[in-house]
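Trainee: These are the residues of each chain, in order.
4 protein chains.
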Amino acid sequence: MTMPMLETYPAEINLDRAKLAATIDALIACAEACTACADACLSESSVAELTKCVRTNMDCADICGATARVVSRHTGYDANISRTLLEACVMACKSCGDECGSHAGMHEHCRICAEACRACEAACRDLLAAMG
Amino acid sequence: MTMPMLETYPAEINLDRAKLAATIDALIACAEACTACADACLSESSVAELTKCVRTNMDCADICGATARVVSRHTGYDANISRTLLEACVMACKSCGDECGSHAGMHEHCRICAEACRACEAACRDLLAAMG
Amino acid sequence: MTMPMLETYPAEINLDRAKLAATIDALIACAEACTACADACLSESSVAELTKCVRTNMDCADICGATARVVSRHTGYDANISRTLLEACVMACKSCGDECGSHAGMHEHCRICAEACRACEAACRDLLAAMG
Amino acid sequence: MTMPMLETYPAEINLDRAKLAATIDALIACAEACTACADACLSESSVAELTKCVRTNMDCADICGATARVVSRHTGYDANISRTLLEACVMACKSCGDECGSHAGMHEHCRICAEACRACEAACRDLLAAMG
Numbered sequence: 021m022t023m024p025m026l027e028t029y030p031a032e033i034n035l036d037r038a039k040l041a042a043t044i045d046a047l048i049a050c051a052e053a054c055t056a057c058a059d060a061c062l063s064e065s066s067v068a069e070l071t072k073c074v075r076t077n078m079d080c081a082d083i084c085g086a087t088a089r090v091v092s093r094h095t096g097y098d099a100n101i102s103r104t105l106l107e108a109c110v111m112a113c114k115s116c117g118d119e120c121g122s123h124a125g126m127h128e129h130c131r132i133c134a135e136a137c138r139a140c141e142a143a144c145r146d147l148l149a150a151m152g
Numbered sequence: 021m022t023m024p025m026l027e028t029y030p031a032e033i034n035l036d037r038a039k040l041a042a043t044i045d046a047l048i049a050c051a052e053a054c055t056a057c058a059d060a061c062l063s064e065s066s067v068a069e070l071t072k073c074v075r076t077n078m079d080c081a082d083i084c085g086a087t088a089r090v091v092s093r094h095t096g097y098d099a100n101i102s103r104t105l106l107e108a109c110v111m112a113c114k115s116c117g118d119e120c121g122s123h124a125g126m127h128e129h130c131r132i133c134a135e136a137c138r139a140c141e142a143a144c145r146d147l148l149a150a151m152g
Numbered sequence: 021m022t023m024p025m026l027e028t029y030p031a032e033i034n035l036d037r038a039k040l041a042a043t044i045d046a047l048i049a050c051a052e053a054c055t056a057c058a059d060a061c062l063s064e065s066s067v068a069e070l071t072k073c074v075r076t077n078m079d080c081a082d083i084c085g086a087t088a089r090v091v092s093r094h095t096g097y098d099a100n101i102s103r104t105l106l107e108a109c110v111m112a113c114k115s116c117g118d119e120c121g122s123h124a125g126m127h128e129h130c131r132i133c134a135e136a137c138r139a140c141e142a143a144c145r146d147l148l149a150a151m152g
Numbered sequence: 021m022t023m024p025m026l027e028t029y030p031a032e033i034n035l036d037r038a039k040l041a042a043t044i045d046a047l048i049a050c051a052e053a054c055t056a057c058a059d060a061c062l063s064e065s066s067v068a069e070l071t072k073c074v075r076t077n078m079d080c081a082d083i084c085g086a087t088a089r090v091v092s093r094h095t096g097y098d099a100n101i102s103r104t105l106l107e108a109c110v111m112a113c114k115s116c117g118d119e120c121g122s123h124a125g126m127h128e129h130c131r132i133c134a135e136a137c138r139a140c141e142a143a144c145r146d147l148l149a150a151m152g
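So the sequence lines, in the order shown, correspond to chains A, B, C and D. So the first sequence is numbered by this note's numbering: it starts at 21 and just counts up by one. So the second sequence is numbered by this note's numbering: it starts at 21 and just counts up by one. So the third sequence is numbered by this note's numbering: it starts at 21 and just counts up by one. So the fourth sequence is numbered by this note's numbering: it starts at 21 and just counts up by one.
Hints are computed from structural coordinates only; laboratory data are not their basis. All clues given are correct.
A pair holds if it fits inside one copy or across any two, identical chains being indistinguishable in the list.
SDA-like cross-link-like pairs, simulated, lysine to any residue; straight-line CA separation at most 20 Å: (1) 114 <-> 104; (2) 114 <-> 95; (3) 72 <-> 32; (4) 72 <-> 103; (5) 72 <-> 128; (6) 114 <-> 103; (7) 72 <-> 100; (8) 72 <-> 31; (9) 114 <-> 149; (10) 72 <-> 95; (11) 72 <-> 29; (12) 114 <-> 131.
Remember, predicted model here, so these are calculated numbers, not experimental data.
Go ahead and model the full structure; you've got the sequences and the hints to work with.
Mentor: Here it is, written out as structure tokens:
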């Protein structure tokens, strides 16, 4: 419902609404995938080798979740905050996508999570480029 | 990606995975709609009459967001926590759905948000029923 | 600053402000202790035996965090939401306090976290009693 | 309990533990002050003139909350994420401190919130400097 909600926004938004909606959806999907992947890692017998993955998952979930909320508010007055937060998000998604990607062959949940991270990283970069 | 992630979970889940995935997706969609609706209300010239709506939106967003994270972990050992949290969620969604619904004719964002709240309320009730 | 903030609140609050401030502070301290304890558990060589602890920690952190935000808003109109959420909090704190308490002799971070959980559980019960 | 928890951490932390604990405490206090200030603003009769304040409060609360969680995990492997997130936090605290500060003479809750924002901004800058 992200796009329908944005379409009804009663004021100006200084960004392409479709691009913003796509980014919000990618952030939300990534946060959920990371939360689920952390829990799945905790259920693996090899959990001792997956602690770095659990942590990057949790960091990425927290950062994507906060970023989704912040960019859902069209505060406008200080684009630098959104921009820096999106940059932190790009880094967290890159880091988590790499970590999960490195054992994607072993754990199917890591493979799917890596995909969500990469899609989110791309969406954040895209929105950053559109912000100029 | 909620359902694909759940399908790869490496341990038992004491719940129907499709029903759980549908609830998580409804919780996430509702949290996002409420965050966006609160911000849209703040942009209305009639904001002074919408403060109750802003607050129920924020409460509902926080409760749905936390519930999504908790039910995404398949901790199992204490279903009472998930159950009580889902009950709080049902109440928050009911309250926010009613509030947003009451001025759905005036504000399109409230109409969409009320829909998201009702869908989430129904999904939480459904999961609660399945938990027995 | 929780109490000074509550003292400046420009409208009525249907609760003892000192009791409410004490509960908010206990919720915040518990959320932080649980986040830190989950991470400390992930750094233990015996992490494979601590996965249940990591999960209860994360659930408790999420529930306490959301509850702190919700009771910091003085929505009033529907005390049932706050009440049910506080009940979920009591259960989560009890569960996490028991789990952390069970290996408090082994891990100092679990001992401190169990204390934070018990203090938070008591504060939530106290506020629930005051809500009638 | 932030410092006692950090003192029991079973692995190395590449940062001064007292400085890290002080920053986490400042982040948590700022998030709480901003959540409470947003709600107090919604209770003012002049709410229509305070919508920017409500929004900066909410952004600042979300960013500080996520940052507190991330820096409470001593992941270490990628300090760039923490650094960028702390930079977003500095900006959010600066923005919210300025906004709240601008009507501190009118609203006592804004005065206290501005203080919390400035203390948090200083703590984050201090930690950033220590990270090198």
